[in-house]
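Chain by chain, the residues run as shown.
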Amino acid sequence: MRYISVFPIVVILSILFGSAFTGLVIAPGVASDVVRSPSVGLVAYSPTEANGRKIYAREGCVYCHSQQVRNVKADENLVAAFGAAKAGDYFYDLPHFLGTSRQGPDLSNEGRVWRRDIGAPARDYLIGHFINPRQYNPNSIMPAFDYLSTQELSDLTDYIQSLGAWKDAVKSVASSPTLTTGS
Amino acid sequence: MTSIQDRNDLVVIANAAKPSPEILPIDRPDGAAQVWLYSGIFWMSVTMLIGVVEAVKLFYPEFLQGVPALAYGRLRPVHINIGLFGFMSMGYLGATFYMVPRLTQTPLFSERLGSLTAWFWNFNLLAGCLGIMMGFSKGKEYTEIPFPFDMTIGILVIAIAGNLFSTITLRQERRVYVSLWYILLAIIPFPIYYTLGNASKFSGIEDAIINWFYSHNLFGIWLTTLGLATLYYIVPKQVNKPLYSHTISFVGFWTLAAFYPWNGGHHVIWGPVPMWVMTASVTASIAMFIPTCATMINFGGTAWGTWEIMKRDIGYRFSLMAYACYVGASLWGTVLAVMSLNAKLHFTNMTIAHVHLGFLGFGVPGLIAFTYFYLERSLKLKYSQNLATWHFWLTMVGIIGYVVSMGISGWMEGTAWEAGGSPQGTMLDKYPYHVARAISGLIVMAGQFLFVANVYQTVNYPIDLSTATDPLEKSGVTS
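Sequences listed follow chains A and B, in order. Residue numbers for the first sequence follow the working numbering, so the first one is 11 and each next one is one higher. Residue numbers for the second sequence follow the working numbering, so the first one is 3 and each next one is one higher.
One thing to keep in mind: the hints can contain errors.
Stated by the list, open to error - Straight-line alpha carbon distances no greater than 20 Å define the calculated PhoX-like cross-link-like pairs of lysine-lysine that follow: (1) B:LYS203 to A:LYS64; (2) B:LYS140 to B:LYS239; (3) B:LYS140 to A:LYS64; (4) B:LYS203 to A:LYS83; (5) A:LYS83 to A:LYS64; (6) B:LYS313 to B:LYS239; (7) B:LYS313 to B:LYS243; (8) B:LYS239 to B:LYS382.
Calculated directly from the structure, the hints in this document are not laboratory data.
Next comes chain B alone, as it looks inside the complex (with noise of 0.2 Å):
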């Protein structure tokens, strides 16, 4: 173990370190990693944006009124568009293209590849989005991008992976370390399902099984599995030690595997499906209590007396606090897919609660993570320790409000709808949760101002004494 996380670094810097005449400078190494990240880190702020627009709109419905574009009913697919391509898919592909070349201790197979699969993809995605916007939606959960945008996503994600993928066949290093198997399971199926959901034309109940099985792959196997390959990656060298049991991730990892892409039918539980496709999902998703507890288990042991390092780095604490979101929210989905338990609560508000776990507490604190972690280890940039924490405040505040409102709120239209109630007759007593819910999201939001305001002036601002100057003069202000 200790091998591999130790000289992890060394060809990649070694290699950087030759200058080289001819090398442009979309060559140059993490030039990929770098456009995937910012890029990840540029649709994270917008897709909150839109979240916080929406929030806004659940109560204060006269909110933006009148302009087709900004209705609820099409800022929704976008907001969730952006959230899965572009925040989630590129900020995690950024860190996958950055661990790629240091966990096979090879340069990445193409820099240039990488870099303009990810421009082609900043453009398409806001093609794709504008689409949404003017109506183009092709109206089903996951899949509205518009045709040719949709496609072009799956031949991006082929040239990705063609790219990933022989970086890893042509290795350095031939032992393969937890994070390079999920991304393996990330890139190898995603042009299937992605393909099959988004230009299948079944219809009716088969329609919607295929869509949730594509769609459950998408948060299971690309988003979860690239999460977690970061979070394996960075976690111990944030605490400097290896990893608590290679065993305990071989486990994970291949429960995870093999119950994930069952999960999808748990959509449709006492829905006008098969029984059997029922019974299938509801198993792999109580099942999921396994690769779960093995996550909780390793990365607990491992953070296990680094009560020191929490306090004096925010990147760990995001790493933290990605960890025990990622844990609740798989096992508020393994507890939601109980039967007994999804007859009260699908349809409600917790289903909200329950992804915004996943996306906001697991998936933007681990994005963050490892930008602070690319920042200070990799860039050697010291970020703003005040402004970061800050930031890790209010994202902890604002991820807990948003977590516990709609939570309760779910219970509350649940407990109601049992009870006889309809969803009219629960609006008005959703109101105030609705509201904290906008209030928990606009926390976030200025939360995540301070990051890109910290990561903006880390990166073009370094902190360099040798030579330091006015920074009025250097403006020009002075003159």
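So here's chain A without its partners, still in its complex pose (with noise of 0.2 Å):
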């Protein structure tokens, strides 16, 4: 090893970093459907609910809240009541909030806890949340933001109250009686 000249190494780095780019980047894209196409069901973000996962994404909620679902022990009760997160579930999401920590809850079916059918209560819940969660929760150590303009915190709930919210109107399709009397 007395002699050793940069260029081979250099030409080795490169393979080794490519096949790894090739496998973990390239590939998803290429190879895989279940990555680039939208689950079932799936409903675009409206203007308003867009607007709140800007403001989602500018606060930093996804440093405390994951939005995914596993298919693990720890997981059992949230798979029990929502069913584990698909690939196809974030379709439209840009960028992703899955999240790597759960200091808070995992908030991929809050729109299946605070429904919108439930109309003025839950919202009037998540938007007094927002400004003063230990108001419900003196436990929380959830950051105020009573800084929020009022447009803000209505979008800002509509975007926590879309998520997962179209999986219900799926199984609701699925299970009514028009679609299933053939079977």
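The task is to assemble the complex, starting from two chains supplied on their own in separate frames and drawing on the hints.
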């Protein structure tokens, strides 16, 4: 190992990095339909929901709230209530908010907890909770987003209520009598 | 081996000794290394301060409430980005700019370019972080710095890589020491994955996979490689004997280069990604056992029997701390990628403990070791042994306190969730650990304060017996 020149090192490093690049960057996009197609029934974000999503990104909600339910024992209750996450569920998410930490609860199905059809009580709870989380849960360590404008709070609420809401719609269509009579 | 280590300083110092009237201050040898290194130390203090503020907010959320720019969700990306691009990148690039001319026996291609990129990097990072605090975050982890400041970092790295690569190409010393291999691995692929991670507009799961491919490369083949290059350079010099085995460092390097870039997918184990992404990344993460062991044996063998040096050289103690934490954090990472353990511990504070063992345990002491080494061996200045000893113990206690408190809290969370609990349910149980974490952070900060004071004092008021005067007289207080 006395005289190693730089050129072969650079070439081998490029090959090694290139193989990982191919495997983790090019292959998922090219070789997998699962990754590049939306789930059945997935609904694109409305303008206010998209704006709420921007606020979610801006305020860094993703650092404490995950948006993925895994098929593991730790998520057993979530799987039982909402089902595990699928790749296609995230089709319209740019940037993704899968998250890495759960200082707070998982939010991927929050729109099925505080459903739109509950109406004002759900919205009032969410907005009140954004403004002062400790009013509802004294142990909460969530920051108080009392500096958001009324419009921003409303958009953020729209976004939160959209999370997973489409799954309920899919379920009710699938189990409605018009579709199931034939079977 | 011996010749590289022994002849290291000859040419550079010979060049430095030649007084040349047309040399501008910006072109002096090691000028670039100094700007990078001192900036790294500055950002290290800043990121620690922000870290402590956040730690307090995690058990006392009303702390500094009401200022949007200081909200937890905005400070956390600032903490991370300053940690990555300020403290780690800049500090270790300082070490790199110091090492490359010595390992190649060639003056740096351009000291001026090196210093200018450092200053530009500083202001760019400051602007980027203010951007995040003002609400312009891009919203994806490790890519938060808004346009155009994110792209500027990529362009600056190309300028830096060009500078270093030109120096390596023009080298006088034909042999390539292991530190240079690591530096080559750090500077060559960076622009590719950095641009990919920051500028790509994929959506959904593809976005997540690419996000983690980018960010794990940022830790693995940018920061870790620069850190290991620094340790491989300073440890043999600190113990004054050659590296234990070049064959082992060869194995360690190439296995690291082969496996690390595949690690990204282990951030989405059990997530909604194709099974083969998970399988490939779990395999690569477990294979990381090989380079970690190689490093462990190599540094362990080099450090064996150096008890006397450890007692007197504080810088060397920090090297050993960085080495121990590197091995610990890497093995821990391998363990956390085991699917059954990941199922329990992903999303818990265990991740935070692991990351901090890497950054706070490996990154911080490694840079400190280099700084003490630089002051003592290169500038030939004597830093305060007393302050340094305090600094060492405070850092040690702080790191252990941090990692242990977060580790226990993470394990508790995982256990509670598997028993059917929710994150809200564990909130009260986590409280004492969150307080312990903040106190540990404060202890590290106290050590950092002593360190900065020590470096400042050593560099600005060097102990030179021939011109020693009354300090009061010098400052004009007595007149």
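Results for each hint:
Straight-line distance between C-alpha atoms of B:LYS203 and A:LYS64 comes to about 15 Å, which keeps the hinted pair within the 20 Å bound. For the hint pairing B:LYS140 with B:LYS239, the CA-to-CA distance comes to about 43 Å; that exceeds 20 Å, so the pair is violated. For the hint linking B:LYS140 to A:LYS64, the alpha-carbon distance of about 9 Å falls within 20 Å, and the restraint holds. The suggested pairing of B:LYS203 with A:LYS83 is violated, with an alpha-carbon distance near 34 Å, which exceeds 20 Å.
Taking the CA atoms of A:LYS83 and A:LYS64, the gap is near 32 Å; set against the 20 Å cutoff, the hint is violated. Proposed proximity of B:LYS313 and B:LYS239 is supported: the alpha carbons are some 16 Å apart, at most 20 Å. At roughly 17 Å between alpha-carbon atoms, B:LYS313 and B:LYS243 fall within 20 Å of each other, so this suggested pair holds. Restraint check for B:LYS239 and B:LYS382: satisfied, since their Cα atoms lie roughly 14 Å apart, inside the 20 Å limit.
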